[in-house]
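Chain by chain, the residues:
Number of protein chains: 2
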Amino acid sequence: MSLAGLGEFGLIARIRQAVSDPADLPLGIGDDCAAALVPAGELLLTTTDLLIEGVHFRRDWTTVRDLGRKSVAVNISDIAAMGGTPRQIFLGVGLPADFPLTEIEGFLDGVLEAAGEYGAALAGGDTCRSPGPLFISVTAQGSVPPQELLTRGGARPGDAIYVSGTLGDSALALRQLQAGTLPQSALARRHHDPQARVTLGRQLAAGHLASAMIDLSDGLLGDLGHILTASGVGARLFPDSLPLSEPLRWVLPELLAQQELALTGGEDYELLFTVPPAQQGGLAALASAGLPLTRIGEIVSEPGLKLLAADGSLLPLPSGSFKHFGSADR
Amino acid sequence: MSLAGLGEFGLIARIRQAVSDPADLPLGIGDDCAAALVPAGELLLTTTDLLIEGVHFRRDWTTVRDLGRKSVAVNISDIAAMGGTPRQIFLGVGLPADFPLTEIEGFLDGVLEAAGEYGAALAGGDTCRSPGPLFISVTAQGSVPPQELLTRGGARPGDAIYVSGTLGDSALALRQLQAGTLPQSALARRHHDPQARVTLGRQLAAGHLASAMIDLSDGLLGDLGHILTASGVGARLFPDSLPLSEPLRWVLPELLAQQELALTGGEDYELLFTVPPAQQGGLAALASAGLPLTRIGEIVSEPGLKLLAADGSLLPLPSGSFKHFGSADR
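In order, the protein sequence lines correspond to chains A and B.
The first sequence begins at -4 in the numbering used here and counts up one residue at a time.
The second sequence begins at -4 in the numbering used here and counts up one residue at a time.
None of these hints come from the bench; they were simulated from the model.
Idealized CB from N, CA, C, for every residue including glycine.
Treat the hints with care, as some may be off.
[What the hints assert, rightly or not] What the simulated footprint calls covered on chain B by chain A, stretch by stretch (three residues with Cβ under 8 Å from a Cβ of chain A suffice, anywhere in the stretch; the number is not a length):
hint, segment
1, 41 to 54
2, 136 to 145
[As the list claims (entries may be wrong)] Per label pair, the in silico range of CB-to-CB distance:
hint, chain 1, residue 1, chain 2, residue 2, range
3, A, P140, B, G299, 46 to 56 Å
4, B, Q142, A, E297, 48 to 58 Å
5, A, R244, B, P126, 28 to 38 Å
6, B, P126, A, R11, 27 to 37 Å
[As the list claims (entries may be wrong)] Sample of chain A residues with no beta-carbon within 12 Å of chain B, all distances over it, derived:
hint, residue
7, V14
8, S72
9, R197
10, Q198
11, A252
Please put together the full structure from these sequences, using the hints given.
This is the structure in structure tokens:
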């Protein structure tokens, strides 16, 4: 049975059955709008992302369950990057007419599973047929107390630059897939099933430990560029300190290739944040809790971005690394 | 110049320049999330809709400016249907690689123009290339005091059924376009540039004049079916009382054809609402204000939907009129 056999209303009915509304969602799926409660005094956070078959994913490289999980995670990652608590997910899906019902169900299972893990409710959506590729649109809502909001614009000279987890794993898996190689399983998970760093984002925000934050979707250099532009500052990065996973170092033994991938590879969905000198003690306590937090550079007043080797010598920026920063700031 | 020439960041920069953030939007376009203030004590309303080229629109039938306007209006219409005040718009666009920059700008002009008319701010979005058709995803947010929220579930036996404006104009224009005929201009406007009935929705909600409400997107019978199902009631409709425009009656002189179109034609984006007996005086005062409000039937306790002629005799339901109601309730 395909979407054409089930019909849009049948699909919505199935989704409704699978979803129970939490207390902060008086009206979920099934009316013209969802109606939600934003905690008193908190800011509403909203982000939207598109995932298009052939651009962001290939159906022969991923399972539909992972695709559902990733569609949620990449949006929740934006909530995490503001220091927010995830609340609601809205899902738009344009389905090719021959898309099998079992695949739709697998995709929805993935969406609901991931939403549940992040404490978010599927609160509405729209489904229709697509005359082209599979088209997914996710909007995520969250909330944050105003005094805890972490933007891209708060980095100041003297702040340390930190990143969570390891870098380049997702991009390496993608590169292997593109080359026709089966990625090592840990790398493939990083690409197909990324984790939004919600707990870390909340800890940094609630503890007032960070001055600016962004999630890594376009690649470290590009996303750091967004912080530098928004904050009106520059940065020095130390490539030798970039956190690299064991599987990445095993697949890619050459140090320069490792560093280039860590600097430019996209879809890490780790948090990149800046920490004022006075807060670095608080951060050390946090870093011992599991997810590694690595100091990779520092904010300076002089605009622009420099890569520095361990001996202090200047390294060249990887070519074609990040169009945005390259064209706008240099 | 196309999207490929401009680049995604160039497009976002252009949108940012065109947008100034209102007071209830401390953080608009340009960070990981938008951050908005929901008025204290009010519920957050959210709705999302997809518009896919070849399914919901054809680029040779509409201007990109109208397409931008309609993308906003059909979402705001859902906010209106809950009695809400529009607040923010989030826009996702998957653009074919050869889509010209001037067309993108025209589309954005339409989005911003319509958002402005409804008092909503463009607060975020996502743009990327589409390997298939033009793909548009809009999420609209609004707010409403909880005691004024109008759902589909409040209709009670004895309530009168009302509709705003005239019915079938948009569907007639679409039918003419499909037949290769140029629609009369007033009909074409109803199809390409529908108006969300925000003011009426707010008046009905704030005055506690309606018991249930929905906006007409799938056609009168289908959308009334949603109210009946959600409210656990039935209805009698009087086809002779359906509000029809002059242009529709001119193009379609036969009464049965007029009524069938008014009952089943989609995309009217008028408000369909039920009015308790005690509120019909208040409604009469409202109806004199401009937009016609027409009583077209009544809610009954017996489930199902009956069409009654002026002499009280039963009329047949149009065939294939509305799959949802047909399969679920009869």
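With 27 to 37 Å as the target window, see if P126 of chain B and R11 of chain A comply at their CB atoms.
-> holds (32 Å)
Outcome, coverage hint (the segment 136 to 145 of chain B, chain A; C-beta under 8 Å; three residues) | holds (count 5)
Any Cβ of chain B at or closer than 12 Å to V14 of chain A, or is the non-interface label fine?
-> holds (15 Å)
C-beta pair R244 of chain A, P126 of chain B: status relative to the range 28 to 38 Å that was hinted | 35 Å Cβ-Cβ, so the 28 to 38 Å window holds.
CB of P140 of chain A to CB of G299 of chain B, is that within 46 to 56 Å?
-> holds (50 Å)
Claimed clearance of chain B by Q198 of chain A, with the beta carbon kept past 12 Å | Holds, since 17 Å exceeds 12 Å.
Counting residues of the segment 41 to 54 of chain B whose CB is closer than 8 Å to a CB in chain A, do you get three or more?
-> With 10 residues closer than 8 Å to chain A, the segment 41 to 54 of chain B meets the three-residue bar; holds.
Cβ distance range 48 to 58 Å for Q142 of chain B and E297 of chain A, holds or violated = holds (56 Å)
Is the nearest Cβ of chain B still more than 12 Å from the Cβ of R197 of chain A?
-> holds (14 Å)
Hey, does A252 of chain A actually stay past 12 Å from chain B on C-beta?
-> holds (26 Å)
Holds or violated: is the Cβ of S72 of chain A farther than 12 Å from all Cβ atoms of chain B?
-> violated (8 Å)
Hint 8 alone, counting from the list given before, is not met by this structure.
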